[in-house]
Each structure stands twice: as structure tokens, then as C-alpha cells.
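**Q** We have chain L already, so just place chains F and E on it with the hints.
In order, the protein sequence lines correspond to chains L, F and E.
Numbering of the first sequence is given in the numbering used here, commencing with residue 185 and proceeding in unit increments.
Numbering of the second sequence is given in the numbering used here, commencing with residue 185 and proceeding in unit increments.
Numbering of the third sequence is given in the numbering used here, commencing with residue 185 and proceeding in unit increments.
Hints listed in this document are in silico derivations from the structure and should not be mistaken for laboratory results.
Any given hint might turn out to be false.
In this list, chains with the same sequence are indistinguishable; a pair is considered to hold if it fits within one copy or across any two.
[Unchecked claim] With a Cα cut of at most 16 Å, we get these calculated EDC-like pairs of lysine to aspartate or glutamate:
| no. | residue 1 | residue 2 |
| --- | --- | --- |
| 1 | 345 | 530 |
| 2 | 389 | 363 |
| 3 | 359 | 246 |
| 4 | 359 | 290 |
| 5 | 345 | 433 |
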Amino acid sequence: AQRILSGNYGKAVTVGAYGEITYNQQEAQNGELDVQRLVLLFGYKFNDKTQFVTEVEFEHVEEVYVEQAFVNYAIAPNMSLRGGLMLVPMGIVNEFHEPTTFNGVERPATDNVIIPTTWREIGVGVTGRFNDLSLGYQAYVFNGFKSTTSDGEGGLSGFLKGSNGLRGGRQKAIKSTVDSPTLSVKLDYYGLPGLRLGLAGYTGKTQAEDDIEELDGANIGVSMLGLDARYAYQRFTARGQFIYASLSDTEAYNTATGKDLGSALQGWYLEGAYNLLPQEKQQRLFAFLRYEQYDTHADTAGTLTRDDAYNRTDITTGLSYHIAPGVVLKGDYQFRDNALSGDNVDDRLNFGIGVWF
Amino acid sequence: AQRILSGNYGKAVTVGAYGEITYNQQEAQNGELDVQRLVLLFGYKFNDKTQFVTEVEFEHVEEVYVEQAFVNYAIAPNMSLRGGLMLVPMGIVNEFHEPTTFNGVERPATDNVIIPTTWREIGVGVTGRFNDLSLGYQAYVFNGFKSTTSDGEGGLSGFLKGSNGLRGGRQKAIKSTVDSPTLSVKLDYYGLPGLRLGLAGYTGKTQAEDDIEELDGANIGVSMLGLDARYAYQRFTARGQFIYASLSDTEAYNTATGKDLGSALQGWYLEGAYNLLPQEKQQRLFAFLRYEQYDTHADTAGTLTRDDAYNRTDITTGLSYHIAPGVVLKGDYQFRDNALSGDNVDDRLNFGIGVWF
Amino acid sequence: AQRILSGNYGKAVTVGAYGEITYNQQEAQNGELDVQRLVLLFGYKFNDKTQFVTEVEFEHVEEVYVEQAFVNYAIAPNMSLRGGLMLVPMGIVNEFHEPTTFNGVERPATDNVIIPTTWREIGVGVTGRFNDLSLGYQAYVFNGFKSTTSDGEGGLSGFLKGSNGLRGGRQKAIKSTVDSPTLSVKLDYYGLPGLRLGLAGYTGKTQAEDDIEELDGANIGVSMLGLDARYAYQRFTARGQFIYASLSDTEAYNTATGKDLGSALQGWYLEGAYNLLPQEKQQRLFAFLRYEQYDTHADTAGTLTRDDAYNRTDITTGLSYHIAPGVVLKGDYQFRDNALSGDNVDDRLNFGIGVWF
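Same shape as in the complex, but just chain L:
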């Protein structure tokens, strides 16, 4: 406050935001309108080497989360140390989730139930690029998921389940328990014109609190591999992603908690888009088609049988109309199905307004 009243406002401050207002309507049902998220971004450049970035997210109008808060410290021209609350680099959307950067009102389902986007934890690590090799790299030690807590009666209550895998286990830096470190690495190759390839890995165990860490099934192991590609050529763009996660000790976990967590999660998608407007226009109007396949019961351990309802296929097609750089209007239709016989998943119509600055 003392500082403020002297009025030293500098150019070192960055203020930004992104947001998504969405309309979702499943077949023959009422629609839902929601300010799904509004995220404020504040950054500061302390000096040439030292920067701080934070994002504060408001979800569904009235929930709040500090989503990112980290210090970036340059130790060499193409190498920085980072520490704080950061995004885990896995696939495309977990790191680049602003609505103007992807087609479709909703993020790909793989980036929801396989990669638990927005997946963030507190960690430290190094990031940079080898320009000669056209290679960017990130390597972090992160805090891990929490899979269980005490059920108050000497047993375990579980956060992970078959329908959405690891999603319920994110600690989100909220007074998070630390038991063992987990490792996250991503490499990005940008040596071919218009193409960007990513290879990501994550491995570690979940983090049980002191009172339960000795119980059978308290922790599971998580290993995740991700491949992604983005391509742009004139008015055509494409992207794809493949994610596979292997979970160990899920039999003991399921026995202890009564959950149905799979032992392997897998998802992939391919998407092509074409800009219907002339390239010299500032506005862009992409027509796109995305084929996505994902299964949170790609494999199961012990007596748990695979639930084909979790083996899903989504075909999404629609338009992304960028009325200005940073503002997009979206509309799409999702043909959704699973591996059970018959059409068991409601198709869905979506509209959205997205901004990013």
C-alpha cells in the first residue's frame, strides 16, 4: 500500500485474461448456458532474468482457483529455471487451453478424462530450447496426485474412478500432501516448416497422507506418455494427439476403496481444419472435423472387467469464427458413442464465445 500511494506504475506489469461462455444442448433436452471460465492473468518482469506469472481462474461464475503462480529465472539465453504452481506439459491443450487456440466449444475429451486438464501442481524444473536442434525442452519435479484419504473408520476413501481416471486426484496446490516426487518431461521439435511435434512423459506415485500411507491400496503408480503434432499449411491446419497412461497397483486400490479404476487409460484424436476465408483477411473462419477415441478402461487389473461404456468415440464437426485475433465464436455438433451395442451417448450441440488477450 505504501508503494501504491506513491503511484509507481510501470510497464513491467502485464494484465491479460481469457474466457469462455458456452451453450451445451444434449439431444432433446434443455440447453445450459454458463460462463464456464474467466481467467485473469498478471505478470511482472522484475529484471531481464526474473519474471513472475500468475493466473486466477473463476469457474462457473462463482468458484475461484489460483491456477498458475510461478517464477521464471533465466540462467542462460535459452535456459530458465522455474518454480511454483505450473501446468504439467502433456499433450497440447493442458498447456495451451485458451479458447482461441483450439477448435470446438469444448476441449477434446482426451484432454479431460485421460489428461486431467487443467493439470497443475507445484513443482520446480528447467525449460528452454536448443535452437540448433530446433528442440524445446521442459523437465520438472512436480507434486503428484492424491488417490486416497482416510474414510474415518480405518479404511480408505478413493478419489480416482473408472469414468474419469485421474481427474479427481489433482491436488491443485491446495494444502497438498507431499510423499514422493513425480517427474515430468516434454520435448518439442519444430524443425520442419509448419510442423510442431511433442513428446511428453510423466511418472511417479500418488501422495498419501501420513495416517494412511501404510495401508494397502493407499497409493498407485502413474506413468503417462503423450505424443502430439500440430501442422499448418496456408489455409489448412491439423493436429493430433495420442496419450497412454499405465496405472499400477489399481487392484489393491479398487479393493480398498470400492472404486473401478482402470489400469490403463488411452486416448487419441485427429483433427483437420480449413479456413474458409481468404488468407489475407484478419478474420478467419475454420471448418473442422475431429475424430476422437478414448477409453478409461483401456485395461483393468484383477477381477475388474472392462466397462465398454468407458470406451468412447466422439466425432465433432463445426465452425470456429475468429472475428478478430483473440475473439472466437464457435459452433459444433458432437456425434458421441461408446462400445456398448446401440447408441447410448446423447449427441450434443454446442455454441461458445471465447476471448484471449
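**A** Leaving out everything else, chains F and E in the frame of chain L:
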């Protein structure tokens, strides 16, 4: 985050805020001190045509709401399309609710129980002005109120009631249900010097969820009409407003929910203010008097009898001391009564600090 | 919104923030990682005389509080009036709590259980300095603590307790009850080079709601005295603080509520630090040692016996590495004990990242 670390902070960003710190003391009782609201505003101008505005509100220190979030897109010099979470244009204060824009610590009661200020929903529409006619216009399709939800036992639980009309039915864009569109229009005429006249209309039905929409009393109809005027001449200012809402199907609603919602709501006020300081001063000190009459049981349907306790008269008089443009200190006393015999409503003393930038 | 869309963003706006990401590990237990707090600051200079400052705090990722919101109005070159939600000036850290301003990952315990940092309420007062005397002053009337509320059965439920004194009684400007004013004064003497001395006093009663204010034990009296000193000479810095609070009517309070609130609270600490890096470097690396003694049962009234578990000694030693002005990495170890025989308090290892801009 990538973008931030490169430090591209531009002049296109707007940061603002408004806030109200209030002291309310009813006759012979302890007072209450509250940071009633602090609202942060962020805007961005993407290009000459395209802007985004959002307001994040913190109420009573610890509650948070995204209150506005919309894109404004100019399609002609005096015409813009708007979409997102917006204010419904009805009366004066729902749109212009910053504390430096009105006299009195608390907003007029009409703008609370007749118009459920801050009334906002997600919508799309058009806004602009016909300069030749000195006429501004707004026309939107908004999502509507939600009057009922399932009571879990096959019946209905109601959000609307006699004491404050539609207030409990605002969906506020929180995963809001959409069943049918509602329409909102406002015209503003500014052709006479110092005078601004407004005429607003709103009509539509409430939005019931799928599981109850067929039940008797699940939805009501809402039609609202508003007239408002603001006048300024030298050191004298005046404003007034008349609001009438007609609600249909309230008998079925009351029967199904056990509520006492009126079938008509009506309120009006007249206010005059005089600046006690010379006009050439930057500071202004307004003495004001407001007479207000409002009734959430202006009419009732079926067997429901009008409750005279809802037929209210407030006389508010006090001072608004603008110590700088954007900062106001307020103090007033409210003589409050209803149509029951005797003086049944406690009078109230109010003080406040308001800022807007 | 109207204003925003015209894009009048000025240099009068200040945007800032501070934050702390912490790791705490008690002996032989799992550690905890937390975004303990992220605080956004917005200020505006309306004109040469009039400014507004607000801070919005996000605690543990998902809680939100408006922590400060006040208007500062200069009535003379070295004298300002202030009103709004402000910090109570007592000791060093309640006013200067940004992580780059103090050594140690966690704030001194005296600034938690004796001074209930961050101690803020709504108030009005005057602040300024007498340059001839090298004397700064602050004098405010604040709203007070709330010690009790109705237990719903005609009795009292209490917010204050032996283990952390007044901490649970902060009203934080959340629809806070006002029964009687409390007074707060601080003087700061900066006449000797490198030294800054503070003397603070606070006195008043707690604020009971109307329905219980006549009950025995509903209110207590609070008087607090604080002395603090900060010293800097070349690479050496030191600071110390002594706080004593006398609480009256605690016997009746404890009888009515079943609590164990002490009648006197006392705490003090001394800390020395030495910058291990050459003074001409922008980076600084302080090694520090703090000895702290605090007792929330410094005295008790009536039949309540002093609990030696509340009579605590903390010795904290570690490093504060300021990698840039405004960014600090911290690590320390806390040897913690109480006056009971044996070593009953777990020692603790702490790491932290702190930023302030």
C-alpha cells in the same frame, strides 16, 4: 503464459474498479459495517471493431461472481452486436450501479425488489444510437429466470416469493438452464438539453429444468415495463423511475410451491438533489430527497390476498459528498413505512464510502 | 462498461501483487505444498489529493477475501485522512507482510497468535508525519473484534480461545457488527540513521450482536501495546518486537462459553541477519537467526490455570535468497518448544517462494 513472459503489455488493456463500504444502522440496534462490494473491471480492445469487457464482483468480502463478460462488435458507426453475460437494461440503476452515479448509500428499493439489480444473464443482441433522432437503443435475447426446481419428492420447490418478487430467480449465468428465450429492449431519448428519458420492456417465461418442465406451476410468465428520467440543470439534478411487472400463472406457481408470489409488482420514485458547493468547484456536495413507493403485491392471483407489509414507502434524505470525481462519501436517513396500520418498519441510518475508476 | 469501451486507460491505475508458495514439513511427517496466498493490489489516483487502494487475497488457492479497501485523502502536505478497510498498525508484520520484507518462510508466531495478522477492520482516521521530529503517526477508530455469538439456546458461543487468543474474533469487514468504537494509534520514529522505532497501542471492547449484548461474558475488553524496531547497517540487519495484550472480563467470557482464553497475551522476538553477498550486488542472500518467545496464557483470570503448552519458544534459522528485488527463495528450520517438560512441539523444515511487485 508464453505470451506474458515476452512482456507485450499494450495500451489496449483497461483496468478499473468500483466499490462500496457501508454502515447501516436500524433504529435502536447495533450497526453493521460491510465491504458490500468490490468490483474489478478488465477490458480489452482487440481492434477498432472488437472489444471485451468483464467485471468480477467480490461481495461481502468473501463471495465472488463474474458479473459481466461480453464481446462488443461494431458492425456500423452507431451499431454494435453484443454477446455474453450482460446487464438487462431496465430502469437506471441496473445498468449504472456504480456508487458515484446515484444518491443514497443504498440503491433505491425499487431497484432491488422490483428490478432484481444486478440483473444479468447471458444473451445476444444489438445496441447503438440514431443520432438524428437523439435515440439510443438496445435489443437483446436473454436467458430468463428460473422459478422452480425439483423438491426431490416429485413436487416443486420455488425460488420466487412475495417479499422480493423475482430476485431469487436470477440464474446469473451459473450453469443456467435454457428453456425458452426472453426479450429485452430499451430506448433512451436524449434530445432535450439536460434530460435523458428511458423506456424499457422485458418479456418471457421462466426456465424450468427438463425433469419438472411439464409440472403445473413449473414456469411463470414475466412482462416488465420501465420508464426512467434523469435531469440536470446547473446545480440541480433530478431523476425518477416507474417500473411495473406483470406475472402470469402465479396461482399455479404458488399452489405448487407454497410461496406467496404476487401477480403484479410495481415501484416508482422521484428524487431531487442540489449541489451545495459552487459549480466551478471540482468537489460536489449534493443534498437530496427521494420519495419511493413500491409494492411486490401490487396485485395477487387466485386466493392469495395482498400483504400490506409488502406495500412500502421509503423517504430517504441525506448528503453525497464527492471529494473527487470518482470518490463519494454518503450519509442519509431513511424513513420507512408500509401500508399496515402503525409504524412497522424500522427507520435506518446509513453511511458509505464509494469509489469508481 | 460504457466508460471502458471508449478505452480511457490511464497511468493513474496501479496493479500489483504479492504471493507465497510454501513447503512445510514437520519432523518425520509428510510435507505440505500450498499456494498459501496470492494477493492482487489495485490502486487509483483520482487527483493529487485522493487515492484508493484495494487488495484482494486468494488463500490456499480457492478462498477469497477483500483484505484492504480504503480511500486516502491528503488534507495537508504531511497529513491524510483515511477511511475504509485498513490494516491495524501493530508491530511490523501486520502492516508489512509481503514475503520479501521479512526473513523466514512463515511469519513470526507473535504476528499470528498475539497480533492476529492480517488484522484488518473497517475504520477511519488520520496518518502523516512530522518531518522535523522524524516522526510518523497513525490514529484510527476501528471496528473491533467479535468475541461471541448466540449458541441458539439462550447462551453464548465463543470465537476466542487460549491457543490463539484474539485470532478467531476478527470480523474482517464481513457484515461486521458494530457496538462500540475501538482506538488504534501508532508512532514511528526514524530520526537515527538506519533505525526505525515503532510504538503502537490499541484499546476497546469486543462487539456483541443485539440479541446477546446484555448477557454476562458477551464482551471482553482488549488493550494491546506494541514496540518494534528495525535496524540496517551495511550488510547487517536486525529487527525486534514486543507485544503485550491485556484482556478484561475473560473470566465471565470463559464461564459463558466454555473457552480457555487467557487474560494476558505476550510475545517478543529478536532477529539478526547478514547478507552473505557483496553489497554492490543486486541479489542478496541473508543468513538469519530469530529467537521468539510467546505465550497466549501470559496470565489467566479466575480459576483458569495457565497452560504451559501455550508458553512457546521458537528458534528459527535459515536463508533468504533475493534473486531479484521482489523475488525471494527461502529456507529455514524451526526448533520449537514449549514450557512443558520434554520436547513436545515438532520441529519444522520450511521452504518458500515469495514475490512482490
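**Q** All hints are to be evaluated individually against the structure, with a verdict given for each.
**A** Hints, one by one, checked against the model:
1. 345 - 530: neither (22 Å within a copy, 36 Å between copies)
2. 389 - 363: within (9 Å within a copy, 46 Å between copies)
3. 359 - 246: between (21 Å within a copy, 11 Å between copies)
4. 359 - 290: So residue 359 and residue 290 pass the 16 Å test across copies only (15 Å; inside, 30 Å).
5. 345 - 433: within (14 Å within a copy, 45 Å between copies)
Of the numbered hints given earlier, the model fails hint 1 alone.
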